[in-house]
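Taken in sequence, the protein lines are chains A and B.
Under this note's numbering, the final residue of the first sequence carries the number 485; numbering is consecutive throughout.
Under this note's numbering, the final residue of the second sequence carries the number 966; numbering is consecutive throughout.
It is worth saying that the hints were derived from the structure and are not from the lab.
Where a beta carbon is used, it is the ideal one built from N, C-alpha and C, also for glycine.
Among these hints, one or two may not hold up.
With a Cα cut of at most 30 Å, we get these calculated DSSO-like pairs of lysine-lysine [stated by the list, open to error]:
#, chain 1, residue 1, chain 2, residue 2
1, B, Lys-948, B, Lys-876
2, B, Lys-601, B, Lys-566
3, A, Lys-379, B, Lys-566
4, A, Lys-93, B, Lys-601
5, B, Lys-566, A, Lys-355
6, A, Lys-355, B, Lys-541
7, B, Lys-616, A, Lys-84
8, B, Lys-879, B, Lys-929
Anything over 10 Å on all C-beta distances counts as not near chain B; from chain A, calculated [what the hints assert, rightly or not]:
#, residue
9, Thr-45
10, Gly-351
11, Lys-379
12, Arg-458
13, Pro-459
One letter stands for each residue in the lines below.
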Amino acid sequence: MSLIDYTIAQLQTQLRSGKISAAELCDAYLARIASVDGEINAYLTVAAESARAAALAADRDLAGGHVRPLTGIPLALKDIFVTKGIRTTCASKILTDYIPPYDGTAVQRLYDSGAVLLGKLNMDEFAMGSSNENSAFGAVRNPWNRDYVTGGSSGGSAACVAARTALASLGTDTGGSIRQPAAHCGVVGLKPTYGRVSRYGVIAYASSLDQVGPLTRDVRDCAILAQAIAGYDPLDSTSVNAPVPDYLASLEKGVKGLRIGLPREYFGAGLDPEVKSALEGAQRVLAGLGAEFVEISLPHTEYAVACYYLIATAEASSNLARYDGIRFGLRVDEGEGLNALYCRSRAAGFGAEVKRRIMLGTYALSAGYYDAYYLKAQKARTLIRQDIIAALDQVDLLLAPVAPTPAFRLGEKTADPLQMYLSDIFTIPVNLAGTCALSLPCGFSAGGLPIGMQFIGRPFAEASLLQAAYAYEQATEWHQRQAIL
Amino acid sequence: MSSKYEVVIGLEVHVQLQTQTKIFCGCSTRFGSEPNTQTCPVCLGLPGALPVLNEKVVEFAIMAGLATNCTIAERSIFARKNYFYPDLPKGYQISQFEEPICVGGWLDIETETGSKRLGITRIHMEEDAGKLLHGEGAASGRDSYVDLNRACTPLLEVVSEPDMRSADEAIAYLKQLRQIVIYLGVSDGNLEEGSFRCDANVSIRPWGQPEYGTRAEIKNINSFRFIKQAIEYEVERQSELIEDGGRVVQETRLYDAESGTTRSMRGKEEAHDYRYFPDPDLVPIEISRARVEEVRAALPELPLAKLERFVSELGLPVRDAEILIAEQEIARYFDACVVAGAQPKAAANWILGDLSRNLNNAGISITACKVTPALLVGMLQRIDDNTISGKQAKVVFEKMWESGTEADTIIDSEGLRQVSDSGAIEGFVTAIIAANPAQVADYKSGNEKIFGFFVGQVMKASKGQANPATVNELLKKKLAE
């Protein structure tokens with residue numbers, strides 16, 4: 001077994017017993033990155049030097065018995081997390097050379113848990129995209145088939161786990177940006193409840209929807225990482241001051257007697273037959289483990305995509321105003337005055353999709369249009385949330401597909417933004433509802449591409465998601481398949 | 486000419502709050518530090534930074550709302566006001582729009598025709614922007630620099646109804662509002678440093694017309710004198726415009742203190758669409774009735790209540806009381822004197838007379854002078870018990886002003902003790918009458934004005950130490966003999 005094949009849970013034991021050193025583990029990953037990332041393009045920045053230093057420090061800690069949950073564990077971060085002293089681009093030209101002066105809370109918590117940061121990961125620019133083709137630094141390629149997309153926006157975060165160029169990673173999920181690439185890359189991705197993980201130090205796309213979560217090789221690792229980053233943060237007013245349960249303690253409790261809802265609207269026309277059949281297979285496995293299934297309805301689902309693309313873009317249009325070329329980031333100044341400086345810097349710095357969303361959002365908030373667009377979208381959001389919360393009053397969890405199809409070909413949807421937006425149809429409602437969901441592998445297409453499913457839980461019921469996902473994972477072998485690189 | 490028109494004025498006042506730290510981060514709010522030394526990721530608007538509300542700002546807003554008779558909203562929210570400017574790091578200002586913290590208050594002002602109630606539409610919390618410094622660098626004159634020390638400092642914006650009908654009413658409102666925020670301790674009210682900034686919405690309409698005229702918003706007025714000048718100029722400008730057959734256009738105008746005029750800054754077409762929407766980074770502010778009552782109970786005595794007390798309880802003339810309350814420190818000083826046992830009118834006379842004159846001459850505040858309330862009261866007691874005369878007291882006061890020494894010590898060391906012993910004074914009186922027979926005859930023939938001459942002579946003979954009352958009494962008696 002190669003060093004890069006171990007999970008976090010296995011390595012915790014190996015590192016503590018001294019059978020593996022953090023330094024050799026780190027070197028193994030850096031070597032793996034050097035040998036295969038050229039094909040994948042998951043990394044935007046490899047922090048080799050600081051990673052080695054951190055690994056050596058981890059070995060000293062291990063030798064001294066000062067062991068924390070993630071001591072010596074090599075992880076990578078979506079380039080949306082600001083990292084002190086390490087370039088943070090958000091995959092945008094406007095931040096190409098930006099080096100933040102501080103660490104965000106989730107990052108700080110990983111460091112505090114002893115993790116070793118390998119580098120920063122590719123993504124759709126400012127997290128706007130569903131295929132990772134909107135990066136200013138090139139698309140990420142799917143480790144299972146390099147002609148296919150990884151999904152987005154946390155494409156690098158999913159690809160590095162599948163390609164074993166990191167043990168695990170953090171991503172962010174605003175409309176499915178953790179779950180959808182996790183599904184397309186055959187890894188586990190958790191989108192925690194809004195407020196569960198601090199957003200401090202996460203570059204904002206849509207503040208009322210953005211949420212940080214882990215992408216891992218299996219469910220146990222997901223629980224370990226979630227445990228490390230979850231919890232109240234006084235620096236984020238929207239983080240929730242509620243105790244974080246012990247996710248590992250309930251992991252093995254099984255699904256016997258669990259009532260699982262199947263939302264009718266998620267299984268209709270438009271769902272790829274292979275995805276549909278994979279979900280049916282999963283349902284049989286879970287039923288065999290003692291779960292009960294109930295068909296439920298989420299009647300406002302059809303409004304979710306439109307609602308999302310008004311709210312998210314409205315917030316984004318404001319959140320991205322700070323990239324003005326004045327204090328940091330790209331500045332294009334040809335001496336034509338202030339307005340020209342703004343226009344030229346932003347025109348040169350932002351990519352087409354970012355510009356499209358800034359314009360959409362600006363329009364939705366404009367005088368005379370606010371009520372018809374932004375305000376109406378907020379009302380729709382309330383209805384969509386009520387649908388999900390009401391359904392979860394009747395059942396313990398919902399089971400649904402993550403994406404209507406497996407990963408599509410690179411370039412297949414870039415000419416048609418609307419088609420691209422519709423690929424988020426099953427993930428967006430969870431963000432609008434502010435609740436949690438977990439994506440995990442449940443099969444493969446005939447073409448050998450992974451298929452994912454998601455459990456959707458009540459607010460702050462991440463433990464239930466992990467518990468159900470773990471039971472399913474133990475009963476199946478999808479997570480043991482590896483992309484050949 | 487302007488008498489054909491009624492003037493309508495509404496005011497928007499920005500009050501900078503004197504909290505220790507900024508409204509959404511922990512940086513200091515100190516004025517006058519080196520540029521950009523009081524900044525952090527939050528107030529610099531760096532990627533990933535998030536605002537966290539300073540609870541002190543909410544408390545100050547509630548205090549200001551209660552002091553201006555507003556209703557405190559049980560729930561209010563922050564909104565983003567979006568516009569680009571180099572002094573605005575995030576590209577939006579966090580303010581309040583649809584649900585402000587205070588609504589529907591008023592202030593009563595005194596006018597020539599009696600008391601008048603002026604409505605306050607709302608008070609909301611917001612963050613200030615930074616400052617731009619133009620062409621001050623070594624590089625070239627066209628460079629501009631941004632100082633973000635002031636960015637994110639807390640402001641209250643107090644918006645009045647268009648209830649004022651003259652510049653004088655506007656000034657009375659502003660002075661009272663300023664006095665209130667200073668009394669509350671929520672702001673230093675310093676106009677020059679920009680802690681109290683005013684924009685005026687001015688329009689005119691023919692008398693009797695119910696609809697408002699088109700208004701101009703005048704910005705950049707930073708003294709009470711300028712406010713009067715700006716409003717009066719604007720009324721004149723609008724009147725002339727209408728008289729000449731033109732129309733007032735809705736616009737923002739900048740006041741120029743040099744010329745005393747206003748000039749157009751941007752028209753309605755160029756007005757920003759601020760695209761306000763609720764700030765998703767902040768949660769709604771919920772304020773319980775209990776909290777409001779708690780703040781209300783802890784409010785200090787406000788200027789008008791003080792005025793009322795000084796007049797009705799302490800028996801001061803309204804004019805004296807008004808001057809005393811104009812500055813909170815002076816009102817506090819006066820209160821301290823009364824508490825220490827001073828007769829209110831006597832204390833007021835000294836504070837408004839000799840003490841104020843000396844303070845003005847020295848250019849210092851009452852809290853910085855050596856004559857503490859205790860010292861002043863000590864002196865007043867020596868006047869009361871006839872140890873010194875009023876005239877001697879002036880000498881004592883000057884010594885006290887210089888040295889901060891107690892009155893009794895000064896009286897002893899200067900030998901200023903007043904002579905009230907009738908025997909000694911009678912000696913002076915008899916001698917003066919004997920020495921001035923011509924004047925005595927004059928007085929006796931009916932020239933009472935000459936009485937002062939005798940008083941002066943006796944005081945001179947006693948080296949100013951004779952008790953004037955006794956002198957008067959004895960002189961009258963002796964001259965009548």
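Okay, the hints, checked on the actual structure:
1. Simply put, B:Lys-948 and B:Lys-876 have alpha-carbon atoms about 12 Å apart, close enough for the 30 Å limit, and the pair holds.
2. Between B:Lys-601 and B:Lys-566, the direct Cα distance comes to roughly 34 Å. Violation of the 30 Å bound is thereby established for this hinted pair.
3. Distance restraint check for A:Lys-379 and B:Lys-566: the Cα-Cα separation of roughly 22 Å lies within the 30 Å cut-off, and the hinted pair is therefore satisfied.
4. About 60 Å separates the Cα atoms of A:Lys-93 and B:Lys-601, which puts this hinted pair outside 30 Å; it is violated.
5. At roughly 20 Å between alpha-carbon atoms, B:Lys-566 and A:Lys-355 fall within 30 Å of each other, so this suggested pair holds.
6. The straight-line distance between the Cα atoms of A:Lys-355 and B:Lys-541 is roughly 39 Å, outside the 30 Å bound, and the hint therefore fails.
7. Distance restraint check for B:Lys-616 and A:Lys-84: the Cα-Cα separation of roughly 27 Å lies within the 30 Å cut-off, and the hinted pair is therefore satisfied.
8. About 34 Å separates the Cα atoms of B:Lys-879 and B:Lys-929, which puts this hinted pair outside 30 Å; it is violated.
9. In this structure A:Thr-45 is separated from chain B by more than 10 Å, as the shortest Cβ-Cβ distance comes to about 15 Å.
10. Listed as a non-interface residue, A:Gly-351 keeps its Cβ farther than 10 Å from every Cβ of chain B; the least gap is roughly 16 Å.
11. Residue-level check passed: A:Lys-379 sits 14 Å from the nearest beta carbon of chain B, beyond 10 Å.
12. Listed as a non-interface residue, A:Arg-458 keeps its Cβ farther than 10 Å from every Cβ of chain B; the least gap is roughly 21 Å.
13. Non-interface call for A:Pro-459 relative to chain B: holds, since the shortest CB-CB distance, roughly 15 Å, exceeds 10 Å.
Checked against the numbered hints given earlier, this structure breaks hints 2, 4, 6, 8; the rest are met.
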